[in-house]
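So the protein lines, in turn, are chains A and B. The first sequence begins at 1 in our numbering and counts up one residue at a time. The second sequence begins at 281 in our numbering and counts up one residue at a time.
Hints are computed from structural coordinates only; laboratory data are not their basis. These numbers were taken from a predicted model, which means no experiment stands behind them. Take the hints with a grain of salt, since some may be wrong.
[Said to hold, decoys possible] Here are the simulated lysine to any residue pairs, SDA-like style, with alpha carbons at most 20 Å apart: (1) Lys-471(B) with Asn-126(A); (2) Lys-473(B) with Thr-460(B); (3) Lys-473(B) with Asn-126(A).
[Unchecked claim] Derived Cβ-Cβ restraints for the label pairs, each shown as a range: (4) Thr-138(A) with Val-469(B): 37 to 45 Å; (5) Thr-182(A) with Thr-382(B): 34 to 42 Å; (6) Arg-208(A) with Asn-494(B): 54 to 62 Å; (7) Gln-515(B) with Ala-132(A): 21 to 29 Å; (8) Gly-36(A) with Leu-477(B): 40 to 48 Å; (9) Arg-130(A) with Ala-511(B): 24 to 32 Å.
Heads up, the beta-carbon is just placed ideally off N, CA and C, and yes, glycines get one too.
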Amino acid sequence: MRVQFWGVRGAVPTPSIEYLRYGGNTCCTAVSGAQGELVVLDAGTGFCQLGDALVSGPFGQGQGEMVLLLSHTHLDHILGFPFPGMIHCPGNLFHIYGPDSTRGSLTAVCNGLLSPAYSPVYSLENISARQAFHTINTQPFQAGGLTIRAWPFPHGEHMSIWAYRITEGDHSLVYITDVRYTSEQIRTDAIALFADADLLIHSAPYMRDESVQNHSHCCVEDAIDLAQAAGVRSLMLFHHAPGRTDDQIDTLLAHYRTLLAQQQSPLHLEAAREGPVIEV
Amino acid sequence: MNIRIWGTRGSYPVARAEMMRYGGNTTCVEVRVGDTCILLDAGSGLRLLGESLMQEPDPPDHLQLLITHTHWDHILGFPFFAPIYSPRTALSIYGLQRTQSTLRTTIDNALSDPLLPIGLDSLSASLDFFEINHDVSFELGPDVYITSARTNHPYRALGYRIESPTGILTFVPDTGPFHTILFGDEFLVWKGKPPHLHAGQLRTLERMRRAMINLAAGSDWLLYDSQFTEAQYAQFPHWGHGTPGQAMEIAAAAGVRELLLFHHDPHRTDVEIDAITAVQQALAPPGLRVRAAYEGMVLYREEQP
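Starting from the given sequences, assemble the full structure and let the hints guide the process.
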């Protein structure tokens, strides 16, 4: 599998020079398989940048097909959805998986995002590409040669997010963002989902001493502990806090790498950057 | 009147190196006249404006936010505007009165589950909402007058004129030209060519065009929708945006001193904006200065009367 980040920022885009090395677009990650399968994780504003890149291929001809997996429907994970030209190109096909919410089905939430007060698109009916919405559940499913398994986790008190494990042959990656681990059972679920993954993409917007006031997110230490417990090979920190500059991410990364080296941990630690392609 | 531009981009924020000179944050402008502090639109640039306000030794305690319309690129910065989490802040929010929903509900829903975990009731600032119509004038502060006009944009939007003895700014971030299509509250199904306009619709468009010229008349600065190239406009007139050439027509007819191309397309690089601006500068009539608005741009009258 090849992984490319198109948006690594959490909460709100940060289009300023001191954020561009890691990136300032909100959450969007593309995973492509050996047979050309395309699975996209979340549709923050990075989805618009991905759309621009895809237009030179089948998505520009109305022959594109993707599986879009939504972790949840907070704005930094769906705002980019209605903008790219590929969405308004007849013939393209989008299989969209994500959770229903207490305020309505996934389809209703996406429709609300496009309602006339907020968007000139007005409703999903006016999107020309074919859309197939699927409420996510824990049953594994296939996207070509890729096997996808989803599992719910808490995000604050009232919201759930879904994490996704994508497997191709002997290789697996896990994507989990906006999670807060609120019990031992939930940590056990996480370790089971992460087990022996080659790559774990994990939100970690805060360091432990910064996260005291935050009830919706976990900290970097949680991500590292669970990755180690699950035997993950490489941990990719994701969903960078909007106030975190490139230099600060460098410092944060160096700090935790030093700790891992002191523990002689085999865990490889990185911070997600928009642009480069990673082989899994 | 002192003006600072915090967001110039249209549609959605873009974090790309080739766009950092003009900026990737969406629409937001700060206007100070004496103690009156006006914020025009709450695009993603509002986050940076909020950080700047919080660092002022003596920040204004009353902020007045004028919203042209509630499309995402004009409200996205609101939940990340630090002053709304401070009990010291009093914020008055102005926007278009609608039969479909109150302004308060529209903003509240944008901030609430399942889109965001916030909601207006959790905010510490005291908020007041004022719903206004187009073609109204009112005094916002001592010697600060606001006038509104309807722009030609899907679901209707407002343009604002801010007039004080120290400057006149007209702010029209989103409008198509006043021909071809008349936008209203209904979705326009686009079938590759504009729908036929009957005589009443043509008269309405002409009235809107004249009102827009009146709104901008004699402005020191006109910030005006210039999102599309001519080729884009030909392909997408139904999205309700215009071209620099259309902006220039209004600016020239209104006798403004400076036209600032605004609401840049999210695909437009700095180099492309330079070129587009140079074309309009060459075409501008005498006495009309043309520049492209950039993030961080500061405007004030060189000679205060």
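Now the hints, each set against the structure:
Between the alpha carbons of Lys-471(B) and Asn-126(A) the distance comes to roughly 12 Å, so the proposed pair stays at or under 20 Å and holds. Between Lys-473(B) and Thr-460(B) the alpha-carbon distance is near 9 Å, which keeps this suggested pair within the 20 Å criterion. Only pairs whose Cα atoms come within 20 Å are accepted, and Lys-473(B) paired with Asn-126(A) is accepted, the gap being roughly 16 Å. At about 40 Å, the CB distance of Thr-138(A) to Val-469(B) agrees with the hint of 37 to 45 Å.
A C-beta distance of roughly 36 Å is found between Thr-182(A) and Thr-382(B), which places it inside the suggested range of 34 to 42 Å. Remark: the range hint 54 to 62 Å for Arg-208(A) to Asn-494(B) is upheld by a beta-carbon distance near 59 Å. Taking the beta carbon of each, Gln-515(B) and Ala-132(A) are about 28 Å apart, inside 21 to 29 Å as hinted. Checked against the hint of 40 to 48 Å, the pair Gly-36(A) and Leu-477(B) passes, with Cβ atoms roughly 47 Å apart.
Distance hint for Arg-130(A) and Ala-511(B): a CB-CB separation of about 27 Å, consistent with the stated range 24 to 32 Å.
The earlier numbered hints are all upheld by this structure, with none contradicted.
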